[in-house]
Amino acid sequence: MRECEFKGLIDEYLLGRLSQEETARFEEHYFNCPPCFAETTLRNEIIGVVRQGTAFSHEPAPARAGKGLFTRWAVISASAAAVLLAAWMLIPRQGSVSPRFVLNSDSVVRGASMTVVSPSAHLDQAPAYLEWQAAGDDLDYRVTISNGELLWSAITRGTRLAIPEEIRKSLKGNTAYSWQVKAFDKSGTLVSASAPTVFQIGR
Amino acid sequence: MNRDMEEKNLEEAIRKYTPVITFRVRKALGAAIPDCEDIVNEIMMQAVEKVRTGEFRGESSLGTFLYTITSRRIVDFIRNKSRTLQHAPEPASFPDPQDEIEARERADNIKRMVSVLKPKFRDVLYLYYYLELPREEVARRLGISAHQVSERVNYAVKLIRKRMKP
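So the protein sequences, as listed, match chains A and B.
Just so we're aligned: 33 in numbering that gives the first Met the number 0 is position 34 of the first sequence, and the numbers increase by one with no gaps anywhere.
Just so we're aligned: 9 in numbering that gives the first Met the number 0 is position 10 of the second sequence, and the numbers increase by one with no gaps anywhere.
Derived from the structure by calculation, the hints contain no laboratory data.
Keep in mind the model is a prediction, meaning the values are calculated, not measured.
Every clue listed holds true.
Cut-off 30 Å, straight-line C-alpha distance, at most; resulting in silico cross-link-like pairs (DSSO-like, lysine-lysine):
1) B:K117 <-> A:K6
2) B:K26 <-> B:K15
3) B:K164 <-> B:K110
4) B:K161 <-> B:K15
5) B:K164 <-> B:K117
6) B:K164 <-> A:K6
7) B:K26 <-> B:K161
8) A:K185 <-> B:K26
9) B:K161 <-> B:K119
10) B:K164 <-> B:K15
11) B:K26 <-> B:K164
12) A:K6 <-> B:K157
13) B:K161 <-> B:K110
14) B:K26 <-> B:K49
15) A:K6 <-> B:K15
16) A:K185 <-> A:K6
17) B:K157 <-> B:K117
18) A:K6 <-> B:K119
19) B:K161 <-> A:K6
20) B:K26 <-> A:K6
21) B:K26 <-> B:K157
22) B:K7 <-> B:K49
23) B:K164 <-> B:K119
24) B:K157 <-> B:K110
25) B:K110 <-> A:K6
One chain only, chain A, in its complex shape (with noise of 0.2 Å):
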């Protein structure tokens, strides 16, 4: 059977990272496409499981188990699993969905560049704040704090945004930081974003 085209769109649909625009081209499509409904809600039962975390257990599997699959699954979860958690549990939640905005490596960052006010270059302590520039009327922005890894996200209407004390705290001296903001539009549209900014605390 052919593929649809709008397969590969399930998964950014049900983990709510469609701008408005898609979700509403994604969303009449599978009134007209039964199986891509069949698939979207096949994955949106998986994913509501797989939510539950119970899926996720370490004993090991039945009949097949070998010691180098458990082996590599103790790796991964007492390693990654401990990072991941945490770096998670930084990133505010909105509801059980992922804020709508994240864009993938094949978007294009379009119009205007934003310019940054603060935090920038070296400080003396871990940042308060995060300033920049209104990118224009009527937009919202999300800003991320990362090191290479994404460390926190947030989203606002303002043009300042308070960096949550466990974040502050968990900024260390001598560490390269790198924040970014970006402007979307009501219809959720990458509209302007800020050259990714490093920062560091301490000489």
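Go by the hints and put chain B onto chain A.
Chain B in isolation, oriented as in the chain A frame:
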């Protein structure tokens, strides 16, 4: 084909869209809202009404027609314009215990199937569906390409789908 036959066929076709409409309404309003079933019924009644008045004659896509009615009804509900139902609802129906039992069984089956997946497939589901990391992040952590992440997710879903067939 005379007019009555056309209408009847259309009305039958509309009822077949119940699962799609239900899915869309639940996703937009949350499955726990008790009005979901009533809203779905309203949407279908509206659609059938438009067929009977000739407003919709099947000249364009039925799916798009129903999608439009559904979207508008959802927006109205959210905006609180039509919280009271326009048509007299049928006597309240309680969730069919049999449906619930079946849903429960399916969920348990899926859970079991996920837990016995080979680590390389289970890991992507864990990172992508459970932790909801972006695809590129999943790729980075597993040391594979973003495309391979999608391939593994697709394969895991395919395995689950195959094993769920009666």
